[in-house]
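Number of protein chains: 2
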Amino acid sequence: MQNAIKVAVDAMGGDHAPGEIVKGAQAAVKIRKDIHVFLVGKKDAIEKELSKYSYPKDQISIVHAEETIEMAEPPVLAIRKKKQSSIVLGMNMVKQKEADAFVSAGSSGAILVGGQVIVGRIKGIERPPLAPLIPTKKGVSLLVDCGANVDARPSHLVQFAKMGSVYMEHVVGISNPKVAIVNIGAEEEKGNALVKETFPLLKECQDINFTGSIEAREIPYGKADVIVCEAFTGNVILKLYEGLSSTLLGVVKKGLMSSLRSKMGAVLIKPALKETLKSFDASVYGGAPLLGLNGLVVKIHGSSKATEAKNAIIQCVTFKEQKINEKIKENIISASKEEEQEGKNGV
Amino acid sequence: MQNAIKVAVDAMGGDHAPGEIVKGAQAAVKIRKDIHVFLVGKKDAIEKELSKYSYPKDQISIVHAEETIEMAEPPVLAIRKKKQSSIVLGMNMVKQKEADAFVSAGSSGAILVGGQVIVGRIKGIERPPLAPLIPTKKGVSLLVDCGANVDARPSHLVQFAKMGSVYMEHVVGISNPKVAIVNIGAEEEKGNALVKETFPLLKECQDINFTGSIEAREIPYGKADVIVCEAFTGNVILKLYEGLSSTLLGVVKKGLMSSLRSKMGAVLIKPALKETLKSFDASVYGGAPLLGLNGLVVKIHGSSKATEAKNAIIQCVTFKEQKINEKIKENIISASKEEEQEGKNGV
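Chains as they are written, first to last, in the working numbering: chain A, 14 to 360; chain B, 14 to 360.
No lab work stands behind these hints: they were computed from the structure.
Copies of the same chain are indistinguishable here, so a pair counts whether it falls within one copy or spans any two.
In silico DSS-like pairs for lysine-lysine, Cα to Cα no more than 25 Å straight-line: (1) 287 <-> 267; (2) 151 <-> 267; (3) 151 <-> 276; (4) 203 <-> 95; (5) 318 <-> 43; (6) 236 <-> 266; (7) 340 <-> 110; (8) 203 <-> 94; (9) 70 <-> 110; (10) 236 <-> 267.
Keep in mind it's a predicted model, so treat the numbers as computed, not measured.
All chains should be modelled from the sequences, with the hints used to inform the complete structure.
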């Protein structure tokens, strides 16, 4: 297919690579005719996994990568030294426009560093944030930034808010998404130095629907669509989401197994409970894009299985079709003008 | 009783005051002969509530307070102007040693400010942190700091770690409590500037059992007993705990009500589930002390009911009996010596 979206996939990254990643890739091309997947990694290992499935052969190619970047390797060094690794080769494909997107469950650090130094930032973007979707009572919210830039500055957070708005509006399909900044109280005078400085800048933005502060308590209720914070806070929120959900469900399960009566009840409630808990399962929402790069880089969880890989690959289509990067560029150009104006107003 | 612990209680603070607070106070003195409660607030309102119960009259006194500090009032101004408010009067009782402790469900800001300016810090303590116990799979952990000091410095965090250790060891009864710093990865080189500066200082501390970084994911598993962070992060953790627990349980309940079959199951599992979820209910652990003050100030949640008030009042006994403040003083003296040593070593 001439106009297929070309997605390079790191076949070697993550706890369940290459098996689950390859499985997800073949599942994705079965669903979408308009995707071509390049599986980047050890040729033999990938071929062995692919041989287990029947799938449209013309939609998957293998790009051999001799090396693999391990989880524990120092990211900057790994990206510099391992030129033949699946991450470096996959990122280079995006840089050279041989691929529209790169999806990896590998080392977060290496993906963040590679995204910046190989794929490169869109001109005007100060820092590319990692922006996962998190489940809420109402649907999903975009948490931006979530691991790429600790100790960010107010101007970074303003860009995060704008890029996040574009993403939620055009990829997730929420019109006029509500943007809020993570804070420790609802009042404008609350917060740490970063939040206090950023708040008035967000208020001035004409091109986003800024609704003020959001307390962490309100995040799971879905009070905002785009949740802005610096990466340390974002990482704490994302990880606590994971840890607390699994702990609480563990506590519930333990309760269900504690007596004969409750065991009988558990059998009755199982199908209904499974269905509703699915809505709170982060894996169905695909991966987290690194926003603001000259190409799409999507990070999926290290523990990702075939479903996550498949969803992340399919998500790349919307990103490309909706021309998100073009929209971010437009947005940044208008933002710079606005900031000049703000400068004149003494803000 | 001559040696009773004297606890001043803010009868006017919180969403359910004075009714639930008074109910909690009379419940506390029924359980413990060695507590005397001073209910601070509007005399008429308190008397009316007290008249509903039969309790040992000699264990409760009323201290009339003409004013009340509202939740939305700017804290510094409120503490300065409302000299006849329940918070200011209660704190003054602690300062004047007329009470050993003050418990309030009122404005967090006013309690934090009042604690510092009225009760005052122990000499050598730079900032008094708010330290709630949070439920985990294994029991409870102390989250310190959780709302008192945003933009803290490394030396503050070191003191938080030490005071938290004393509290967990002597009030909660965990010997040699594990101390960890909230971080975005397990490796020592990870983190924001604050964490990177604080990490080596904690490693140098001889008097605590520092175990390194803790990712937010691991907090609900109970990986550490004392969880150290600055207040912005702590507030995010505490509030997300609240929000996510209630959202997830809401999702589970909704699932249970979705079909006739699951409704029948729900009836069977209810008692067992209720019992296990109790272990994850923060209200049973009493309030959050402001550590490092010249007296005990305990903040309980604004939505606290009688159980929380009762538990927080009873918790004051252990604090006093274990001479926590004396132990913090000892700890700080040895800490200062150690820091001098660290200075010499160029750390």
